[in-house]
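Let chain A serve as the given structure and place chain B on it in line with the hints.
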Amino acid sequence: MNSGFTFVPLRFLAQAMTLDPGHHHVLHPAAPQAGHIEWLYWITFWILFAVFVLMIVAFASAAAKSGVIADHPLPILEKDEEGDRRASWGVASAVGITVITLFLILVLSVVTGKRVEGLTSKNPVTIQITGHQWWWEISYPNSQADQTITTANEIHVPINTPVVVLTNSMDVIHSFWAPSITGKRDLLPGYSSAFWFEIDKAGIYHGQCAEFCGLQHAHMGFSIVAEPVDQFQAWQQQQLKPAREPSSTDAARGREVFLTHACLMCHTIRGTDAGSRFGPDLTHVASRNMIAAETLPNTAGALAGWIVDPQRIKPGTEMSPNPLAADDLQALVVYLQSLH
Amino acid sequence: MTVAEPIIANDQDTGKSELARRLARTWCQPKGFLGWFSNTHHTVIGIRFMVTAFIFLLLGGVLAAMIRLQLIRPENSLIGPDLYNQVFTMHGSTMIFLFAVPMMFQGFGVYIVPLMCGARNIAFPRLNAFSYYLYVGGALVLWGGFVTNTGPDVGWFAYVPLSGPAYSPGHRADIWSQMITFTEVSALGVAICIATTILRHRAPGMTLNRMPILLWEKLVISMAVIFAMPAVMIASGLLLLDRLVGTHFFNPAQGGDVLLYQHLFWFFGHPEVYIIFLPGAAIVSTLVECFSRRRILGYTPIVVSVVATGFIGFSVWVHHMFATGLPQLSESFFTAASLMIVIPTGLQFFCWVATMWTGRLQLQLPMLWCFGFFFVFLIGGLSGVMLASVPVDLQVHDTYFVVAHFHYVLIGGALFPMFAGIYFWFPKITGRMANTTLGTWHFWLFFIGFNTTFFTLHFLGLRGMPRRVYTYGADMHWQGLNVLASSGVVFMTAGLLVFLANVIRSLRMGKIAGNNPWGDAGLEWSMSSPPPPYNFLHVPTVSGRDPLWEDPPDQPVVVGLRDDIRETLVTHSLDTDPQHKDEDPGPSIWPFLTALTVSAAFVGSIFTPWAVPIGAPPVIVTMIGWLWPRGQSPTPRPSGEIWVR
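Protein chains in written order, with the working numbering: chain A, 1 to 340; chain B, 341 to 985.
Isolated chain A (complex conformation) (with noise of 0.2 Å):
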């Protein structure tokens, strides 16, 4: 930002017209799907904005004919059968040429959306995704169940490899969005289906929920990492692993919290007696970027703070508050951090 204006709003407007690195624009696809709809938008945005110019200019002339207002109403103009007819094959003509483009866009549409959708190539990578209130379950369903992963809001995925998403909710609708990657799939309850894409350029690109679904949709995102295929691969090693062991006696103590407080009410971690699928898994939140559906960074202190008081942070999560005791929190907060 120039910080050579004073003037607020041209400050701001410099701001909004300064492109950021672009991993939440439509108009900055790094993915086949999202490069496709751009290719889409700008052709049909220009054809339309050619409709706009010459409809302008109609519009410009007739006013630029508008005689002087004159006091009292003007006579009616006499008929005039031979500046009608005219008048009426342009009418005529126009419409024929809105016909026509309109037509074209249906056909760009059209082929566009086959371009979109259509799978290309095998071997995919399968993801289900489900929404719930609010935050993302991600899995990696695999026909044997202990190779299963199960995460949450982080999804990891290949470079150059396609990727099925199957879709659900668990609770109310949602709507899967990554501005870069793609076009929107909802979360239906009672619904499953399923979408693909395929990603170019390794990077971190945000996504968040676009169907309103309660108090806290502002505060449901996600991030998808995409990755070369070999850290992919040691990524999915590293998540079928059971957590690890504390290796300390304050992450010991920590997870003597998680087990004997409300934490495991709610949340997994694989390799201990927590087992509940309410919440976020969390046998490997310390590999996760951010906490609470991409609300707060996963620090030491963002992740103290959620744990005493997610009501404060996010209203109406369903996650409710935990008073621990200070030692006992740092612990906690020690012990989930171990957990990569």
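Simulated from the structure, these hints should not be mistaken for laboratory data.
Any given hint might turn out to be false.
[Unchecked claim] With the Cβ distance kept under 7 Å, some of the chain A side facing chain B (calculated, not the full set): (1) His24; (2) Ile37; (3) Leu40; (4) Phe59; (5) Lys65; (6) Val107; (7) Val111; (8) Met170; (9) Arg185; (10) Pro189; (11) His217.
[What the hints assert, rightly or not] Taking CB as the label site, the calculated pair distances span: (12) B:Leu914 <-> A:Val57: 35 to 43 Å; (13) B:Ser670 <-> A:Phe278: 30 to 38 Å; (14) A:Phe278 <-> B:Gly595: 22 to 30 Å; (15) A:Pro242 <-> B:Ala506: 28 to 36 Å; (16) B:Asp815 <-> A:Lys65: 47 to 55 Å; (17) A:Ala145 <-> B:Leu480: 54 to 62 Å; (18) B:Ile566 <-> A:Ile100: 32 to 40 Å; (19) B:Ala940 <-> A:Val57: 53 to 61 Å; (20) B:Val585 <-> A:Phe52: 46 to 54 Å; (21) B:Leu837 <-> A:Phe52: 26 to 34 Å; (22) B:Asp422 <-> A:Ile56: 42 to 50 Å; (23) A:Val68 <-> B:Gly420: 55 to 63 Å; (24) B:Leu600 <-> A:Thr260: 45 to 53 Å; (25) A:Ala325 <-> B:Ser670: 56 to 64 Å.
Every residue, glycine too, gets a C-beta built ideally from N, C-alpha and C.
Then chain B, alone, in the frame of chain A:
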């Protein structure tokens, strides 16, 4: 029977003739407190509709300002999520159900349609008055809920299962459902009144092919209301049953279906857009003709377009549901239908341009607002073409891009024509001209403010900002655009204040308007301003599409209607031959009392299903009062008694 002197139709009604005095006595409305609730004349009810709706426009605007204030910076703590969700739900519900439809369809239609038809009152005037009170009842329920912290918080669309019993305990969603019942019964009642007036009370000679375009549009809208409103009443009714008596229409756990609700809602929701836009287009057609000083070019294509819009409007609803993952083929069908509806609207645009080109355009204040409409609605229509395409829609659906689009369409298609219409008919309604200087200031302030706010929102949508979020993170870089968008509110507010000042000033010291200050062609300009309680001294006849421009000086009038009782003329719906005389039922307190008992039953059923059996008997009692035969003997209605001379 009193036979009047032959008087030409366009003769000035000075109000001083013997006939005028007798008609004024016969058609007078009761005065006083109870009289206020007994009035059934369409001009009075129409004005009440419009004034009430305007108040809700201002209230809805206050809510919008709250939304813009909250979003002015990231992580703003001005409004928490609980209040914010109520605010945006109230904003949408108020603007659609309490402002746009009651203003553009009900208020304006009830006022103008009988005047344009040449009728002395609207058909079924008691139903009409009842509809007004019921609308007020719905408005009070909704806003009563809001001020007691029970305002609906599930969006103006109230999607299940979020609005269902499991996720919305309490009575917030019930209040939304019952507000729908209130306002939709009201809209249905008025639709029946308006359609009947147009079909059965047109002046002799105003055959279908001579009907003003505005009447055509009102007829099409009435039909659209009659077909669309039941869908949303079923949706909200089933929702209420789910919530109140534990049915499972929309509960997926018990085999219910969440998409069914969306189909029902949008089967209403999209025609609703045309119910709001077509009155605007009708106003523009009327004004373009008047200020171009020539007959409108393409009367027949425009009428066909309007009818086509009414039909196609019912086959595009799925474009609100593209993201639900329906099969591609069926989505393509709705893309095609959504694009197709551009054709009739485009045709109207071309006809307006051609009319202005070949006419003698006078860019008076109402016409300035029409040019605002052309610009704003054009942008909204073009972004609508983009949204009709499934892939593009999947990206920008439920983002601020869509918010920008539909504000361009709805404010462009309803608010700009509404102000054009207010400045145009203000002299007819009040008898005085509105001030042009203030009106021009109003226009530019509002136009600049509107575009500042809503054009900016397109960019926010493309940058990934979803709708209905009460806050956003600083790392999203959305603040600059949000500040810019919010700054437009200042201009729009200033514009509205100038408008209010203009109305107050012009009511008191505006120039006296006379019967027809703009030299327009419609029958509503043939009587004094404001219209006398009997509207027309003699029920007129017409011999062309533009009666006041084309009718010869010796145009005959209808005689043979009694002036000692409220007789009205009923004509054939196609060729407008006089068929028989009907008697206007006159003022009555019963429609108001019925609205009270119906409201009590509706409000009670928010809390208990027992409100239906307990609430029904009072409704029946008041209905009996309403329909009680009047003491007079029925008027003999021999044919041949009505003459046109």
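Results of checking the hints against the structure:
1. His24: With a closest approach of 4 Å, the His24 of chain A hint holds.
2. Ile37: holds (5 Å)
3. Leu40: holds (6 Å)
4. Phe59: holds (5 Å)
5. Lys65: It holds, given that the least Cβ distance between Lys65 of chain A and chain B is near 6 Å, below 7 Å.
6. Val107: Constraint on Val107 of chain A not satisfied, violated at 10 Å.
7. Val111: violated (10 Å)
8. Met170: violated (10 Å)
9. Arg185: holds (6 Å)
10. Pro189: holds (5 Å)
11. His217: holds (6 Å)
12. B:Leu914 <-> A:Val57: 35 to 43 Å: The hinted range 35 to 43 Å holds for Leu914 of chain B and Val57 of chain A, with Cβ atoms some 42 Å apart.
13. B:Ser670 <-> A:Phe278: 30 to 38 Å: At 37 Å between Cβs, range holds.
14. A:Phe278 <-> B:Gly595: 22 to 30 Å: With a Cβ separation near 24 Å, Phe278 of chain A and Gly595 of chain B satisfy 22 to 30 Å, so the hint holds.
15. A:Pro242 <-> B:Ala506: 28 to 36 Å: holds (34 Å)
16. B:Asp815 <-> A:Lys65: 47 to 55 Å: Given about 52 Å between the Cβ atoms, the range holds.
17. A:Ala145 <-> B:Leu480: 54 to 62 Å: Holds: the Cβ-Cβ distance is about 57 Å, inside 54 to 62 Å.
18. B:Ile566 <-> A:Ile100: 32 to 40 Å: The hinted range 32 to 40 Å holds for Ile566 of chain B and Ile100 of chain A, with Cβ atoms some 35 Å apart.
19. B:Ala940 <-> A:Val57: 53 to 61 Å: Holds, since Ala940 of chain B and Val57 of chain A (Cβ atoms, about 58 Å apart) stay within the stated range.
20. B:Val585 <-> A:Phe52: 46 to 54 Å: holds (52 Å)
21. B:Leu837 <-> A:Phe52: 26 to 34 Å: holds (31 Å)
22. B:Asp422 <-> A:Ile56: 42 to 50 Å: holds (44 Å)
23. A:Val68 <-> B:Gly420: 55 to 63 Å: Holds, at about 56 Å.
24. B:Leu600 <-> A:Thr260: 45 to 53 Å: holds (46 Å)
25. A:Ala325 <-> B:Ser670: 56 to 64 Å: Given range 56 to 64 Å: holds, Cβ gap about 59 Å.
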